[in-house]
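These protein sequence lines are chains A and B, in that order. By UniProt numbering, the letter at position 354 of the first sequence is numbered 354, and the numbering carries on one by one without gaps. By UniProt numbering, the letter at position 295 of the second sequence is numbered 295, and the numbering carries on one by one without gaps.
It cannot be assumed that every hint is accurate.
You can't tell identical chains apart in this list, so a pair holds if it fits in one copy or across any two.
[Said to hold, decoys possible] Each computed DSBU-like pair below joins lysine-lysine, with the alpha-carbon atoms no more than 35 Å apart: (1) K216 to K194; (2) K107 to K270; (3) K107 to K468; (4) K473 to K408; (5) K330 to K467; (6) K468 to K270; (7) K473 to K194; (8) K468 to K216; (9) K408 to K107; (10) K330 to K194; (11) K330 to K270; (12) K270 to K408; (13) K330 to K292; (14) K216 to K292; (15) K216 to K330; (16) K330 to K473; (17) K194 to K467; (18) K473 to K107; (19) K194 to K270; (20) K216 to K473; (21) K292 to K467; (22) K468 to K330.
By construction, these hints were calculated from the structure, which means they are not laboratory data.
Number of protein chains: 2
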Amino acid sequence: MTTEEGPDPRPAQEETGKPDQPPPAPPTRRRPGPVTRRALLLGIGAAGGAGAMYAAMGALGLAPREQKRDFIAPRPGDFSLTGRAAAKVLILGAGVTGLACAYELGKAGYDCTVIEARDRVGGRCLTLRGGDRFTEIGDEQQVVRFGEGGYFNAGPARIAQWMVTMDYCRELGVPVEVFINDNAQAYVYTRGMKAPIRAAAYRADMYGYLSELLAKATNAGALNRRLTRADRQVLLDFLAEFGDLDRRTYDYGGSDRRGYATPPGVQPGKMLGPVPSVSEVLGYDLPRALTKTASQEQAAPMFQMVGGMDGLVRAFAERIGEDRILTRTKVTRIDTLPDRVDVTCEGPDGTVVHTADYCIATLPPHLIARIPGNLGAPVVSALTAAQPTPAGKIAIEYDRRWWELEDKIFGGSTETDLDITRIWYPSYGFFGERGILIGYYTIGSAKDTFTPLPHRERHRRALTQGKKIHGEKYRTGVLSSASVAWTRQPYIEGAWATFTDPGVLATLRRPAGRVYFAGDWLTNLNAWIAGSLESARTVVTDLHRRVLSQ
Amino acid sequence: MTTEEGPDPRPAQEETGKPDQPPPAPPTRRRPGPVTRRALLLGIGAAGGAGAMYAAMGALGLAPREQKRDFIAPRPGDFSLTGRAAAKVLILGAGVTGLACAYELGKAGYDCTVIEARDRVGGRCLTLRGGDRFTEIGDEQQVVRFGEGGYFNAGPARIAQWMVTMDYCRELGVPVEVFINDNAQAYVYTRGMKAPIRAAAYRADMYGYLSELLAKATNAGALNRRLTRADRQVLLDFLAEFGDLDRRTYDYGGSDRRGYATPPGVQPGKMLGPVPSVSEVLGYDLPRALTKTASQEQAAPMFQMVGGMDGLVRAFAERIGEDRILTRTKVTRIDTLPDRVDVTCEGPDGTVVHTADYCIATLPPHLIARIPGNLGAPVVSALTAAQPTPAGKIAIEYDRRWWELEDKIFGGSTETDLDITRIWYPSYGFFGERGILIGYYTIGSAKDTFTPLPHRERHRRALTQGKKIHGEKYRTGVLSSASVAWTRQPYIEGAWATFTDPGVLATLRRPAGRVYFAGDWLTNLNAWIAGSLESARTVVTDLHRRVLSQ
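Kindly generate the complete structure, drawing on both the sequences and the hints.
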C-alpha cells in the first residue's frame, strides 16, 4: 500500500540545529513470549483491565472495527504485556482535535509534540477577552476591550447534552452551565413586519392556526379515511390544548400564550393583541424561529462552558504540558518515511525538522493540501476538494443589559431575515452591569455581507440592523465590539469545511503512510467540538492499535 | 365604612408584660402649610423625586388607582414635605409577602415587626438542606440528610423572566441561573406504553403526523376556502419543515429529531426506531408533555435562585434585620381599633399583645379566618371561602448522577400519567458526585396518593413508580430523601388557596379597619412568588398612601 508507508521517503533527516530535539526513538521490536492468544488476553485483562485487553484484541485482529462505538482510551498498561513501547507522535494543529489527540495519547505515555502556527491554542475554539489582540487576513488588528468577566465565543458556543464534549468537560473538571438556545420572550423580525413580535406570539399564533385548520378539516371529514373516530377525538382534544382553541368551535382567537400587553399581577393580565390573521402569520415565513431546536444537535437545553468555550482547550493544554505545545510554529513540509515522519517547521527558532514515529495532521484540509511533502496525489486531491464555509460573528458590549432590564430577555436569540440572521443574548452574567451580545451570526456565503467589511463597518452595519428590532437603544451605550470572519482568520481560513463528494473522506480516514488526518470535517458532527473529539478518539484508537501491532 | 375603621374596637390595650414593647406612637397630625396643589407637587417632585410626588398625588386624590402598574417604592423623602411620619406596622407571616412588605416599608422608615409562627422565615418558600428538621401535622419528624451543597426547593422552584421576582433578585443581589423546564432528552411515560420514550421522540412524531395530516388535507382541497393558493404553498413549506416531512409526498416517515439509536460521530447517526403509527402516537395522550412550556408563566427559559429558592427570603430577612422578625410566635387574636391595631401572640416569651398603627396579615386566608378578633363577619366569611390546594414533592438524593451519566439528561422533567406526575432532574450541580432529583410533584387532590402517607411510604412508592421509567437504578444508590405535603405543614396547611367565587376577593383587597390582607392568593399569580411580591407592593402602596393622607 503506497499510502501506508509513504510514496516518497526522504533519505535522511535534515539538520535542525535545535538542541532539545532528540533523535527519533528506534521502534521497539521485542515480541511477547510464546503464549496462546487466550492466555495472553486473560493475562492482559487481569493485569491491565478492559482497555488493555481491548487494545490487545485489536492488535491480534480480534476486535470488530466498526461495531463498537465506545471509546477505550489508550493507557500505559496496554504496553506492559505486549512488549511494545509508546511512540513519538507529532500533532499538527492545537485546535480541539490536536489537543484531544495529545491528551489521550499522552495519558498512555506517548511522547507527543503539538505544532501550532497561531499564537495560542484552541484554533476555532476561540474565546476573546479584554486585552486580546488578533488580526484578520488583509485587515487591521483588533484589540478587544471588553470589561472584566466579559467574553466572546467567536467560534463554537453550544454543546448538546448527549455530545462527547460533555464527557470531556466532566473528565477535565470544566464546569458547564445552560446555554439558552430558545427564548419565547425574544423577538422574531422579518422585513415584511411592521414591528418585531415576540417569539411566543409567533409560536402561539402558528400553533393556534395549525390546530384550528387541522381541527376544522377533521370535523369536515377530511381525515375520516386516515383516522378512526376514537383517534379523531383524541386528535381534537390535543389540538384544542396545543393551539389553545375555543373548546366548542375549535376557533383560534388568540391566547395569553402570545404574551401580555399588561402582565398579570393583582389584576388579571391583558392579552397582547391584536391577533393577526392566518395569512399574516403564514406571511412571517421564518420557520427557523419555530424549528431551531427541533434537531438533536440543537434541542434545548444546550450547554456552554462557564467563563468561555476555551475552557476545555485550556484544560487540555494544561494536562498536555505547555512544553509540548509549540505555538507560532508553521508547518512548511510533511514527509512520511518508512520508519518515521519528518515535519519541517518555521518557528521562533527558525527552520526546524521535527521527527517522530507518527504524525496526526489536524489542520483544516484545504490548508494541509497546500503544504509541500509526499502525502501522494490521491490524498492531496482529496484534501483539495474541501470547501471552506464562511461564518462570522460580532460581539457588542453595552454599558447596561437593556435586553434584561427593559425587554425581559435573559438569553436566547432573536431570529430575523436581515443579513445579521440573529441576535444572541448572553446566557451568563445575568443582572450584571455590562453585557455582551452577539450582533450577528452569519453562516454560509449567501448572505455574507460582513466578511468582506473591515471591523468598523461590520460594527456600524450590525448596529443599524439591530436598531430595526430594538430601536435607538441598540446604538446607545455601546462600549466596544469585536468581530471575527472565519475565512479571514490566519491558518484557519474557514468556519468549517465541507466536501461536495463525501466519498473522498474515505481516503482521508486512512493514514497516508505514517500521517493520520483528524478533524470535525472528517465526521458527521462537522463544525461541532464533538466532531473534533470523535475524530480524535478514532485516530487515537487507530494509531494505538497500529503501535501495539507493529 | 365599617371595614375601614373596624367594627368592634377594643377599648384598651392589654398589658403585655414585654419590656421592649414600646407604646404605639401617636399619629402625627401636622399638616403642610397653605400652598397650592401644583406648587406642593412640584416642590415634592424636586425634593423627593417621583416616588414622593406620586405618593403625594395619591394622597391628594390625583393618581389613577388602577391604570399605572409600575410600583413606586415608598421612601423616607416622601415624608419630608408632608409633615407626616412613617407608621408602626405589624406584619403577620414571614413568607415572601410579609418579608417583602417589611422590606419595602422599612426602606421608607416604617417601624415594622414581622410575626411568624414557624421557626424560620420563608413560609412555603422553603429550601431544605442537610441538618434541617421539620415536622408534618400528624407525622413523625423528618431529618434532612442531604450532602453539602445539595438542597430541595420544597415550595416554589421556578421564576419566569418577566416576573417581578427577577427584579427583586437583581435589587437584592440574589444570583439566578437557568431552571431547565423543558428537556427533549427527558422521557415521557404513560401506562399504555411498553417503555418510556424520549420527549424528543414524542414531539417529532406528533409534529410529524400533525404536519402530514394537515398537508394531506391541504392538498386534498380541504382548506381551499380558508386559504389562498399562495398561503397554501407557504403552509405546505412550513409543514414540511415543522414535521420533517418528505418534501415530495408530505409523508412523515420518522426523523433524526426523534433521537439516535447510535449518535453521529465519525459515522452518521442511526435514527431511533421503529416509528410508531399515528394511532400509537395519539394514544400516548399526554399533551402536557408537549405544551408544558406554552404558557407565559412556564415558557422557557425559566430561572431559579442559585443555591436554593430561599435566597430571596434570606436577603429580605437580612435587610429587614433579625431583631424585627419574631419567629415561633403564633397570632392568637387580631383587633383593629380606631387608632391602632392590637395583635395578641403566643411566643417564646408567653402571651404578648403587640400594638401598631397598621397590620398586614399575610397568612393563608383559611388560617386568618380561624384567628379570633374583630375583623367582621363579611371579612371572615370571605376568608373562610378559601380552599387550600394540596401539593407535595419528594426529593431523593443518589450517590451518583445516573440521569446525566447514563441517560444524558441534564435538568428538565419526565412527564408521566403515574401518580408521581413527573420527575424533575436538577438544574444545578452538573457533573457533581451526588445529585438530588424530585421524585414526584403532585398538584391537586385528584391523584393525591402521597399526602396521606408517612414519609417512608412516600419514599417507597416514589421509587417503585420511578423504576417504571428508569429501571432498577432508580432504587439503587439512594442516600436519603425528604418529602413535604403542603396541607400537612403547620401554620401553612396548603400549597396555595383558591376561591370558587373570586368575587369575594374584592372584599379582602380592601383593609378591614387597620388590617390589610396580602398574599399570592389575592392575585392573578396565585402560587407564584411573583404573586406574593405583587400583592405586597399593592398593599404597601395602599398603606403608604393612607399614611401620607392621614
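Using 35 Å as the alpha carbon limit, work out where K216 and K330 are close: within a copy, between copies, both or neither.
neither (66 Å within a copy, 58 Å between copies)
For K330 vs K194, is the C-alpha pair at or below 35 Å within one copy, between two copies, both, or neither?
So K330 and K194 fail the 35 Å test inside a copy (52 Å) and across (58 Å) alike.
Please work out whether the CA atoms of K473 and K408 approach to 35 Å or closer within one copy, between two copies, in both situations, or in neither?
within (15 Å within a copy, 40 Å between copies)
Quick one: K330 to K467, C-alpha cut-off 35 Å, is that within a copy, between copies, both, or neither?
neither (43 Å within a copy, 56 Å between copies)
Check K216 against K292 for me: Cα-Cα at most 35 Å, and say if that holds within a copy, between copies, both or neither.
Cα proximity of K216 and K292: in one copy and across copies (28 Å, 24 Å).
Should K107 paired with K270 be assigned to within, between, both, or neither, using CA atoms and 35 Å as the limit?
Between. Shortest inter-copy distance 31 Å satisfies the 35 Å Cα cut-off; intra-copy 61 Å does not.
Treating 35 Å as the Cα threshold, decide for K107 and K468: within, between, both or neither.
Neither: 52 Å inside a chain and 40 Å across chains, both beyond 35 Å.
Within, between, both or neither: K216, K473 at alpha-carbon 35 Å
neither (44 Å within a copy, 46 Å between copies)
Could you place K270 and K408 in one of the four classes (within, between, both, neither) given a Cα distance threshold of 35 Å?
Answer is within: at 17 Å inside a copy they meet the 35 Å cutoff, but 40 Å across does not.
K468 and K270: within-copy, between-copy, both or neither at 35 Å Cα:
within (26 Å within a copy, 42 Å between copies)
For the identical chains here, do K216 and K194 meet the 35 Å Cα criterion within one copy, between copies, both, or neither?
both (30 Å within a copy, 33 Å between copies)
Alpha-carbon proximity between K292 and K467, which holds within one copy, between copies, both or neither at 35 Å:
both (23 Å within a copy, 33 Å between copies)
Checked against the numbered hints above, the structure violates hints 3, 5, 8, 10, 11, 13, 15, 16, 20 and 22; every other hint is satisfied.
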